[in-house]
Structure formats: structure tokens, C-alpha cells
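Peer 1: These protein sequences, in sequence, are chains A and B. Read in the working numbering, the first sequence has 219 at position 219, and its numbers run on one by one without any break. Read in the working numbering, the second sequence has 1151 at position 151, and its numbers run on one by one without any break.
Keep in mind that the hints were calculated from the coordinates and are not lab data. Predicted model, so just to flag it, every value in this text is computed and none were measured. Where a beta carbon is used, it is the ideal one built from N, C-alpha and C, also for glycine. There may be inaccurate statements among the hints.
[Stated by the list, open to error] Cβ-Cβ distance ranges computed for the label pairs, FRET-style:
| no. | chain 1 | residue 1 | chain 2 | residue 2 | range |
| --- | --- | --- | --- | --- | --- |
| 1 | B | Pro1034 | A | Ala85 | 53 to 61 Å |
| 2 | B | Ser1170 | A | Ser20 | 26 to 34 Å |
| 3 | A | Gly198 | B | Asp1013 | 48 to 56 Å |
| 4 | B | Ala1126 | A | Ala85 | 36 to 44 Å |
| 5 | B | Gln1039 | A | Gly198 | 45 to 53 Å |
| 6 | A | Gln12 | B | Glu1027 | 51 to 59 Å |
| 7 | B | Leu1138 | A | Ser150 | 23 to 31 Å |
| 8 | B | Gln1148 | A | Asp180 | 17 to 25 Å |
| 9 | A | Ser20 | B | Leu1138 | 51 to 59 Å |
| 10 | A | Ser20 | B | Gln1089 | 54 to 62 Å |
| 11 | B | Asp1112 | A | Asp30 | 16 to 24 Å |
[Stated by the list, open to error] Not close to chain A: a few residues of chain B, all C-beta gaps over 10 Å, as computed:
| no. | residue |
| --- | --- |
| 12 | Ser1026 |
| 13 | Thr1055 |
| 14 | Asn1063 |
| 15 | Thr1074 |
| 16 | Ala1075 |
| 17 | Trp1083 |
| 18 | Trp1084 |
| 19 | Arg1122 |
| 20 | Thr1137 |
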Amino acid sequence: MSPTSPAPLELQNVTCVFGSGPRRVVALEDVSLVIEPGELVAVMGPSGSGKSTLLNVAGLLQPPTSGRVLVDGVDAADLSPTRSAELRRTRIGLVFQHYNLVPTLTVGENVSLPLELDGRAPAECREAARIALQEVGLDGLADRFPEEISGGQAQRAAIARALIGERAVLLADEPTGALDTTTGDAVLRILRDRVDAGAAGMIVTHEPRFAGWADRTIVVRDGRLVDDGGEL
Amino acid sequence: MPIKHSLLAMLADGRHSASQLQQQFSERTQAVWPLNIGQVTQTLGRLERDGLIETAGTITGANNRPADTYRLTTAGTELLDDWWSRPVQRPPTDRDELVIKVSLAAQNRSVDLIGLLDRQRRATIAQLRELTRLSRTLDHTRTAERLQVERRILDLESEARWLDRVEALSTPRPQES
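For reference, chain A alone in the conformation it holds in the complex (with noise of 0.2 Å):
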């Protein structure tokens, strides 16, 4: 990257609204960030207090009431729905606490779909496929569907998806929920490995010992960012 590239992630003031009236909630307010290539963000707080809503904010799953989210310095709402959609497809993966695998397709339909509806080649897909699920330790499981394989395969499946493709950013909500410590710890060398090869990483968790797997913890109160893992 040279000096003058534009971060991988950055939030500009950002603030998220939702309901009106007395049912008003200001799920995120005035929130700055910027995470850098080869940095793993962690987000911590009590729960209700944003980490969710940040994630899907900077994951262009929720648009911000106002404030910018740039991705490679592109403002997704400068785009058009399909263009955005297109971004974040081609340069942001997802990680959920629940998989969110397709149940109908195999495994490695799952992990390459993000390529196929880019409308890449299905040969290209599938060596794509191979070589993401090879990445996590799943050679051989390409054929498997969801519900044949354990909840740790699941998430490295999950994992294999977020990756595949040219992703610059990559943002995980409480991947590690339903694992057990050492398969949580396997979840986190990868998604670690992954971060430290250049793309930027944010990670929300609730669990002390993940978070100590980032260079920088922020810790999110009633939608506000009250620290940004700075110097004291």
C-alpha cells in the first residue's frame, strides 16, 4: 500500500437512529474509526450497546443515519444499490455467530458463492473454493452439506466464505459464541493469520480471552465509542 492509499475501513461520525418518537433509539452516535491493513480491531461493551449495530454499519448491511463509511475510500452511499452491494461483496467478508451457511448448498457452494454471483467461471469457483476451505483446514469437506459437519467446521466454512476473493476487510460478530475455547482459539489463528497477510480486521466479542487476540480493543456504551484502544 503506499503512504497516500486510502485505509481499508473508516467511519466518519457516524450515527444510527432507529425508531422515532418515544420509541427513538440512537444505536450508534458520532462514531470515528479507522482500522488499517493488518490490523485486528476487537469490540467490546455490554450488551445493547452498538458492537452489533457498528459491525453491520461498517459492513454496509446498515446504512448509517448520518456520517460516512468509506471502504478503500469509496462511500458506499455515493453508490448505487447494486454497486454498493457489489463492494461489499467483492471487498468485505462477513463472519456470523450462527454460520449463516446455505442449508441446501454443499460447502463449497457456499464458500464460493460470493464468486458466483459475481458471475465467475464455476471452474474458477470451485479451485477458489479449494483453496479457501484448504486455508482453514477443511480439505475434503467441499462436498459435505452444513448440517454433516460440527459446529466448528461450520464456522471455519463460514470463514472460508468470508475470505475468498480479494476481501480487504474482514468483520466477525461473535464468531466464536457457540465454540468451545480450543475451537475458538482455532477460528481466531485463522481469522489472525488472515489480518496479519494485510487485510483489516474488526471482530465483536464479548469474551476477554478473543479479544486478546487484536492489536486494539474499543469499547462501545449506549452507541458511543468511550474507548478507542489509544494511548492513555
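Chain B: place on chain A using the hints.
Peer 2: What follows is chain B alone, placed relative to chain A:
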């Protein structure tokens, strides 16, 4: 550190001199807990006095001087068996500085309790980060170093969870004077 029981455990494998025991302890624990020869000889003296070990001849040591070797007595074997079979009881930490500090802060309106918890959490997670980096370089085996690091990681994790728990609790009512 339970030097007494550690020496008994190694003597259960055969007769050894003081320097052999020191070397073997260092090898078995990857020198995580350094043990000097003075500690070994003093402890051996006490074990012999208490009838838990006895001399078993001499060998020629590394400096060509004769060195006594030791073996377990029946009483020593029984004491060691008891140690293996008995769970270790950790002493209660009834004067934990952090608990005392947070307790006082919780009842002092001039102290920003949440800020205090945030600073402590950050320090705890910073230590956790250092240990996680170290653990990534260690083999996934039950070596003394790995066990020590895993134990420390879980202690720090417990501390961070305790801080979360404190934050979730409500403020105590002020005491009537």
C-alpha cells in the same frame, strides 16, 4: 512453590543426587520456575531429617567430587501418593487490592467508577494480548510453559469478566450515619 513434593516426585523415578534433581526439575519444567542448588540441598536435608528420604550411596559428580544420592523411604512414598491424590486448595484472596479499590470507588461519588473499570479492563486486556502473542509461539502440548501461560490467560479473562459483572451491578445505597 512446592519444592518438597517436586523433589519427592522426581525421586520416585529413581535415586538422584542434588545436582541431578536440580537439572531434572529444570528440564521437566522448561526452567519456568528456577530452582537453585541451595534450595535443593536445604530441602533434601529437611526431607532426610523427617525420614521421607534416605541416602542411597554416592556418585562422582560433575566436578569429580563424590555426591550423595537419595531415594524415597516408605513414609516419603506415602506422602507423595497423598500429594498426587489430594486436590490443591488455593488460598482465598480476601485482601485483593483490586476488589478493595473498586469497593471503595463504588461508594465514593467523587470517583468515576466506570472510568476506573475501563482503565483496569484495558490494562487487563493489554496483558491478555501479550500472553496470547506468546501462546501462539508455543507448542500445543502440556509443557510447563504452556500450562503457566494458559493459567495466566484464564486468570486475566476471569478478571475482565469480573469487571464486566461489576459494571452490570447497581450502585449500593449510601450508608446512614
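Peer 1: Work down the list of hints and note, for each, if the structure agrees.
Peer 2: Structure-based check of each hint:
no.	hint	verdict
1	Pro1034(B) / Ala85(A): 53 to 61 Å	holds (60 Å)
2	Ser1170(B) / Ser20(A): 26 to 34 Å	holds (30 Å)
3	Gly198(A) / Asp1013(B): 48 to 56 Å	holds (50 Å)
4	Ala1126(B) / Ala85(A): 36 to 44 Å	holds (38 Å)
5	Gln1039(B) / Gly198(A): 45 to 53 Å	holds (50 Å)
6	Gln12(A) / Glu1027(B): 51 to 59 Å	holds (57 Å)
7	Leu1138(B) / Ser150(A): 23 to 31 Å	holds (25 Å)
8	Gln1148(B) / Asp180(A): 17 to 25 Å	holds (22 Å)
9	Ser20(A) / Leu1138(B): 51 to 59 Å	holds (54 Å)
10	Ser20(A) / Gln1089(B): 54 to 62 Å	holds (58 Å)
11	Asp1112(B) / Asp30(A): 16 to 24 Å	holds (21 Å)
12	Ser1026	holds (29 Å)
13	Thr1055	holds (47 Å)
14	Asn1063	holds (46 Å)
15	Thr1074	holds (42 Å)
16	Ala1075	holds (41 Å)
17	Trp1083	holds (28 Å)
18	Trp1084	holds (26 Å)
19	Arg1122	violated (6 Å)
20	Thr1137	holds (12 Å)
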